[in-house]
Amino acid sequence: MNQCLVWLTGGNGISAWFAEFARTFEKCFIREDRYKLLLEGIGVTIKISLLAAFLGLIIGFLIAICSLSKNKLLRFLGKVYTDVIRGTPSVTQLMIIYFVVFATVDLEKWIIAAIAFSINSGAYVSEIIRAGILSIDKGQTEAGRSLGLTGVQTMFYIVVPQAVKNIFPAMCNEFITLIKETAIVGYVGLMDIQKAGDFIKSATYLAMMPLIATAIIYFVLIKILTTVLGVIEKRLRKSDIR
Amino acid sequence: MIKVNDLHKSFGKLDVLNGIDEHIRPGEVVVVIGPSGSGKSTFLRCLNLLEKPNKGEIYVDDELINAPKVDVNKVRQKMGMVFQHFNLFPHLTVMENITLAPVKLKKMTKEQAQEKGEELLKIVGLSDKADSYPVQLSGGQKQRIAIARSLAMEPEIMLFDEPTSALDPEMVGEVLDVMKNLAKSGMTMVVVTHEMGFAREVATRVVFMDGGVVLESGTPEEIFDHPQNERTKLFLSKVL
Numbered sequence: 000m001n002q003c004l005v006w007l008t009g010g011n012g013i014s015a016w017f018a019e020f021a022r023t024f025e026k027c028f029i030r031e032d033r034y035k036l037l038l039e040g041i042g043v044t045i046k047i048s049l050l051a052a053f054l055g056l057i058i059g060f061l062i063a064i065c066s067l068s069k070n071k072l073l074r075f076l077g078k079v080y081t082d083v084i085r086g087t088p089s090v091t092q093l094m095i096i097y098f099v100v101f102a103t104v105d106l107e108k109w110i111i112a113a114i115a116f117s118i119n120s121g122a123y124v125s126e127i128i129r130a131g132i133l134s135i136d137k138g139q140t141e142a143g144r145s146l147g148l149t150g151v152q153t154m155f156y157i158v159v160p161q162a163v164k165n166i167f168p169a170m171c172n173e174f175i176t177l178i179k180e181t182a183i184v185g186y187v188g189l190m191d192i193q194k195a196g197d198f199i200k201s202a203t204y205l206a207m208m209p210l211i212a213t214a215i216i217y218f219v220l221i222k223i224l225t226t227v228l229g230v231i232e233k234r235l236r237k238s239d240i241r
Numbered sequence: 000m001i002k003v004n005d006l007h008k009s010f011g012k013l014d015v016l017n018g019i020d021e022h023i024r025p026g027e028v029v030v031v032i033g034p035s036g037s038g039k040s041t042f043l044r045c046l047n048l049l050e051k052p053n054k055g056e057i058y059v060d061d062e063l064i065n066a067p068k069v070d071v072n073k074v075r076q077k078m079g080m081v082f083q084h085f086n087l088f089p090h091l092t093v094m095e096n097i098t099l100a101p102v103k104l105k106k107m108t109k110e111q112a113q114e115k116g117e118e119l120l121k122i123v124g125l126s127d128k129a130d131s132y133p134v135q136l137s138g139g140q141k142q143r144i145a146i147a148r149s150l151a152m153e154p155e156i157m158l159f160d161e162p163t164s165a166l167d168p169e170m171v172g173e174v175l176d177v178m179k180n181l182a183k184s185g186m187t188m189v190v191v192t193h194e195m196g197f198a199r200e201v202a203t204r205v206v207f208m209d210g211g212v213v214l215e216s217g218t219p220e221e222i223f224d225h226p227q228n229e230r231t232k233l234f235l236s237k238v239l
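Residue numbers (numbering that gives the first Met the number 0), protein chains in the order written: chain A, 0 to 241; chain B, 0 to 239.
In isolation and in its complexed conformation, chain B is listed as follows (with noise of 0.2 Å):
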C-alpha cells in the first residue's frame, strides 16, 4: 500500500532522515516509536509530502507520488492526517469542519456530508457536538473530531502524529479508544506515538527510529519483550 524506499530529507544542514525503507501493507497498524528528533514526524509528514522528500521513492497504491506531476491533493485525498495540536478550524462548527473537505472536493453532496458526518460524530461519541465550535471542546473532544474529519474523506490510509501528546492525561483514553477502533475496523494506520500501551495492544508492527533511520522493526513482542539493538534497549529501558 505504502513502500519507501532509501528516503532522506534534510531541513538546511540538518538532516532528518537518513534513507528509511518502510513496507506498509494493507490492514497493518505501524507505531512508529522513537526518541524526540529521531525522525519519526518528519518520516510520517513525508508519507503525504508535507514535507518534500530530497531523495528517495514514495509509492503509494504502486503510484510514485513524489514525481514532479503528481496531483498530490488526488493523494492526499487517499491519506488521513491527525495532528499533535489537532489543527480544528476554529472559524467552522464541528459539523463543518466535517463537511468541508467532502463538499469542497465534490467527493459527496451536502446532504450526503451531513448524513456522513453525523455517522462519524457517533462512532466518536460526539453526537451532541455537531454545532459546537472548537473552542467549546475539551482537549480530547477536538482530537476525536479531528480523527472524524479525516475520516470523512474516506481514507484508505491513516495518519497520525502523535496524536495524545498535546492531551491532559485523563483524555487519552478516549482518544486511543477511538483509535483501537478504528484499528479494529481494519483500517490502515501509521502511528507516531510515545504511548507504549497503546502500541503493545494494537499495533500489528512497531518500528524503532532513531538518527533518521529505522534500526529495528517488528511484532510488539519481538520489540517490546525481546528487543535486539542496543539503542532500542536503551531507549525501552527509560521509557517502559
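Here chain A stands alone, though its shape is the one from the complex (with noise of 0.2 Å):
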C-alpha cells in the first residue's frame, strides 16, 4: 500500500514511478530467479488440473452411469457420493486424500493432488453428465433400440455424443473452477502459481507485484483455454446449422 502512495503521490514523474516499478519487478521476479518459481508453478498448476479433469470425467460418468441405473444400490451409492463431497470444502477432502488415504502411498504429490481434486471434481461432473443424458428424448433411445442396437451401442453412438453439445458449455464451467480450485494445493506442500506467488510476497515482503502477477497468470491460463474450448464447442454445434 505504502508503495501505492509513493508511486501515486511521488511527485517525481512518470519516470520516477517507472524506474520504482522497475525496481520491485526486479526484486520480485528476476532477483534469485524467482520467476522461475511462477513458471514451475504454472507447470504444477497445469498437470494437476488437466490429470483431475481428465480422472474426474471418467468418476463423474461412472457416478452418472450409477445414478440413472435401474439397480436401487448403484442409485444409493451415486448419491451418496454426489451428497458428500458436495457437502464438504474442498480443502478438507484435499486435506484427508493427502493426509490420510494417501498418507503410507508412495506417489507424487501432484499426482495424489489431482487425484483429490478428480474425486471432487467427479461429483460435480456427475450430475452434469446425469442431467445432460436425461435431457435426451428417449425417442432417440426407442429408434436406437429398435434397429437392434444394445443399450450400450445405444448408449455410445447416439445419447452420448448428443448430450456432450448439450453439457459441453457446462463442463467447460467447471474445468475453470477446478483449475481455479487447484489453488488450494499449498495447503499439501505443493508449489503452484498461487503458493509461488505468494512464497515471493514472503521472500520480498511486497505483496501487490507477486499477487497481482499471480492473478495476471490465472487469467491468463483461463482465457487462453476458454478460446480454445469456444472453438471446439462451435465445431460441435455443426450438425444445428441448417
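Derived by calculation from the structure, the hints in this document are not laboratory data.
Any given hint might turn out to be false.
[Said to hold, decoys possible] Taking lysine-lysine and the BS3-like style, the derived pairs with C-alpha atoms no more than 27 Å apart in a straight line are:
(1) K137/A - K105/B
(2) K164/A - K128/B
(3) K69/A - K12/B
(4) K164/A - K109/B
(5) K121/B - K105/B
(6) K103/B - K69/A
(7) K128/B - K137/A
(8) K106/B - K137/A
(9) K137/A - K54/B
(10) K69/A - K68/B
(11) K68/B - K71/A
(12) K54/B - K71/A
(13) K68/B - K137/A
(14) K237/A - K109/B
(15) K103/B - K137/A
Two chains, each in its own frame: build the complex with the hints.
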C-alpha cells in the first residue's frame, strides 16, 4: 500500500514511477531467479488440472451411470457420493486424501493432489452428465434400440454424442472452476502458481506485485482455455446449422 | 410370422391391452385403427418389446420373443420401426443415420452400407440429401429418411406407429407413397394410422381396436363398408 502511495503522490513524474516499478519487478521476479518459481507453479497447476479433469470426467461418468441405473443400490451409492463431496469443503477433502488416505502410499505429490481434485470434480461432473443424458429425448433411445442396437451401443453412439453437445458449456465451466480450485494445493506443500506468488510475497515483503502477477497468470491461462473451448464448441454445433 | 396370444399390458393401474390375439402372416399389410387411447400404439410397441407385456405370448417366426433368455436385439433386427416423431439422430448426417446400425451390428461393411444407403435414398426419393443433417429436412423428408434407416437393416417386418400424424398435411402424401411402394414390394407391415384412405387402399386387413381389445378385423371392404360391431360403426361415422 505504501508503495502505491509513493507511486501516486511521489511527484517525481512518470520516469520515477517507472524506475520504482522496474526496481520492484526486479526484486520480485528477477532476483534469485524468482520467476522460475512461477514458471514451475504454472507447470504444477496445469499438470494437476489436466489429470484431475481427465480422472474427474471418468469418475463423473461412472457416478452418472450409477445414478441413472435401475439398480437401487447403485443409485444410492451415486447419491451418497455426490452428497458427501458437495457437502464438504474441497480443502478438507484434499487434506484428508493427502494426509489420511494416501499417507502411506508412495506416489508423487501432484498425482495425489490430482486424485483428490478428480474425486471432488467427479461429483459435479456426474450431475452435469446425468442432466445431459436425461435431456436427450427418449425417442432417440427407442429408435436406437428398435434398430437392434444394444443398450450400451445406443448410449455411446446416439445418446452420449448428443449429450456432450448439450453439456459442453457446463463442463467448460466445471473445468475452469477446477483450475481455480487447485490454488489450494499449497495446503499440502505443493508449489503451484498461488503458492509461488505467496512465497515471493513472503520473501520480498512485497504484496501487490506478486499477487497481481498471480492473478494475471490465472486469468491468462483461463482465457486461453476458454478461447480454445469456444472453438471446439462451435465445431460441435455443426449439425445444428440449417 | 407374428403370432400374439392373449396379450396384456398395463401401466401402473391403467390397463391398456386386455387380451389381444392376432396372427400376422408374411406379406400382409395390417392397418390398425381405433380411437385415441385404444391401445393401438402400445400393441405395436409390444411387438418389438419397446413395451414389455405383462402377460401373453408373442411369437416371431415361431420364436417366443418375450421369454426371459431371448436376445431381444436380434429379434429387433428383424423388425424395423417408424415413429410418429421420426426420431432421426440429429448429430448424424442422413447417410450416417442410415448406415449406423448395419455397420455397428456388423451386418455390413461400411462400403456395403453406403451402397445400400444410396439405393434406399433413391427409393425414398432423397438421393441429394445424403450429406444433410436432419435439422435441414422437412417433416416429410425426415420420415422418409426414417423409413430408409429402418430398411437398411433389411427387416422382415416393418412397424409404423402413426407415421404421418406429426406431419403437415401437404407432406402426408409423400410418406404414404413410400409406404405404398413398400407394401407393393411384398413387405410385411403393421401400420397404426388415422389415414383411412391409406387403410382402404393399401391394407390387406384392417384391425379395429378399442378399450385394449381387437373388436373387429377384416378386409378394408368388410370394415369400412359393412362394419359389424357397433363401436366400429360409431368410430367410422366420426372419422369418415
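Hint by hint, work out which the structure violates, then give me just those numbers in ascending order. Violated hints: none; all satisfied.
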